[in-house]
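Novice: Residue numbers (this note's numbering), protein chains in the order written: chain A, 1 to 117; chain B, 1 to 114.
Hints listed in this document are in silico derivations from the structure and should not be mistaken for laboratory results. For glycine and all other residues, C-beta sits at the position ideal for the given N, C-alpha and C. There could be a bad hint or two in this list.
[Unchecked claim] Derived Cβ-Cβ restraints for the label pairs, each shown as a range:
1. A:G53 / B:L40: 30 to 38 angstroms
2. B:L40 / A:D27: 36 to 44 angstroms
3. A:D27 / B:D27: 43 to 51 angstroms
4. A:N51 / B:E15: 43 to 51 angstroms
5. B:I62 / A:G53: 33 to 41 angstroms
6. B:Q81 / A:A110: 19 to 27 angstroms
7. B:E5 / A:N70: 44 to 52 angstroms
8. B:R51 / A:G53: 36 to 44 angstroms
9. B:R61 / A:S18: 42 to 50 angstroms
10. B:S26 / A:S18: 19 to 27 angstroms
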Amino acid sequence: GAVVSQHPSWVICKSGTSVKIECRSLDFQATTMFWYRQFPKQSLMLMATSNEGSKATYEQGVEKDKFLINHASLTLSTLTVTSAHPEDSSFYICSARVGGQGQNIQYFGAGTRLSVL
Amino acid sequence: GENVEQHPSTLSVQEGDSAVIKCTYSDSASNYFPWYKQELGKGPQLIIDIRSNVGEKKDQRIAVTLNKTAKHFSLHITETQPEDSAVYFCAASIGDSGTYKYIFGTGTRLKVLA
Chain A
1 GAVVSQHPSW VICKSGTSVK IECRSLDFQA TTMFWYRQFP KQSLMLMATS NEGSKATYEQ
61 GVEKDKFLIN HASLTLSTLT VTSAHPEDSS FYICSARVGG QGQNIQYFGA GTRLSVL
Chain B
1 GENVEQHPST LSVQEGDSAV IKCTYSDSAS NYFPWYKQEL GKGPQLIIDI RSNVGEKKDQ
61 RIAVTLNKTA KHFSLHITET QPEDSAVYFC AASIGDSGTY KYIFGTGTRL KVLA
């Protein structure tokens, strides 16, 4: 299957600092990438949809100034958590959509565990 | 909006027995239904999927069935093994002219007892 690489896998940062998470599709071009947040023992919550070369579409309740998404190429999307606070601590997962019109299979990265002290 | 209900939330089976997880979706426009397996601390892994023009799909010990009229779809795992223990998520998606977003179920924690 298609491979999605997410980096870093784990990051600890101080409150008030910013953290960048990278999501790369290694063996395919991803027109669309998605960013999710997952709390312990809960389901995946979609944060935003990222299309290459355009602004991300954020889900209701997600602060776009807090969670900056850039999708500059067909193989790379980044999520920056700005001025992180302890409540931003969570497991963040990206996915990439394979294929063109009508194709909606998503392959997921391994996730990034963010701990804000 | 679109909603996906998933049952049961936890499931324990003896090794070798079958496991069934059920999902119900609300948006009749949904046309793609993947199932993911997530192990602790890892990202979800696609294990099987089904499109709305098909009623059943099988891949070795795993099968998925879809009832469009009732808006139900189910995951069936036969001859379960300890390594099947994980959290399983169903999802519903609208492709074609849609946004391709997934709406995930709440997850089922499967435990296979050796």
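Novice: None of the hints should be skipped; say for each whether it holds.
Specialist: Cross-check of the supplied hints:
For the hinted restraint 30 to 38 angstroms between A:G53 and B:L40, the CB-CB distance of approximately 36 angstroms keeps it satisfied. Taking the beta carbon of each, B:L40 and A:D27 are about 26 angstroms apart, not inside 36 to 44 angstroms as hinted. The given range of 43 to 51 angstroms is broken by A:D27 and B:D27, whose C-beta atoms sit roughly 32 angstroms from each other. For A:N51 and B:E15, the hinted distance range of 43 to 51 angstroms is satisfied, since their beta carbons lie about 45 angstroms from each other.
The hinted window of 33 to 41 angstroms between B:I62 and A:G53 holds, with their beta carbons roughly 37 angstroms apart. At roughly 23 angstroms, the beta carbons of B:Q81 and A:A110 sit within the given window of 19 to 27 angstroms. Judged by the Cβ atoms, the range 44 to 52 angstroms given for B:E5 and A:N70 is violated: they are separated by roughly 35 angstroms. At roughly 28 angstroms, the beta carbons of B:R51 and A:G53 sit outside the given window of 36 to 44 angstroms.
Roughly 45 angstroms separates the CB atoms of B:R61 and A:S18, a value that falls within the hinted 42 to 50 angstroms. In this structure, B:S26 and A:S18 break the distance hint of 19 to 27 angstroms, their C-beta atoms being roughly 38 angstroms apart.
Checked against the numbered hints above, the structure violates hints 2, 3, 7, 8 and 10; every other hint is satisfied.
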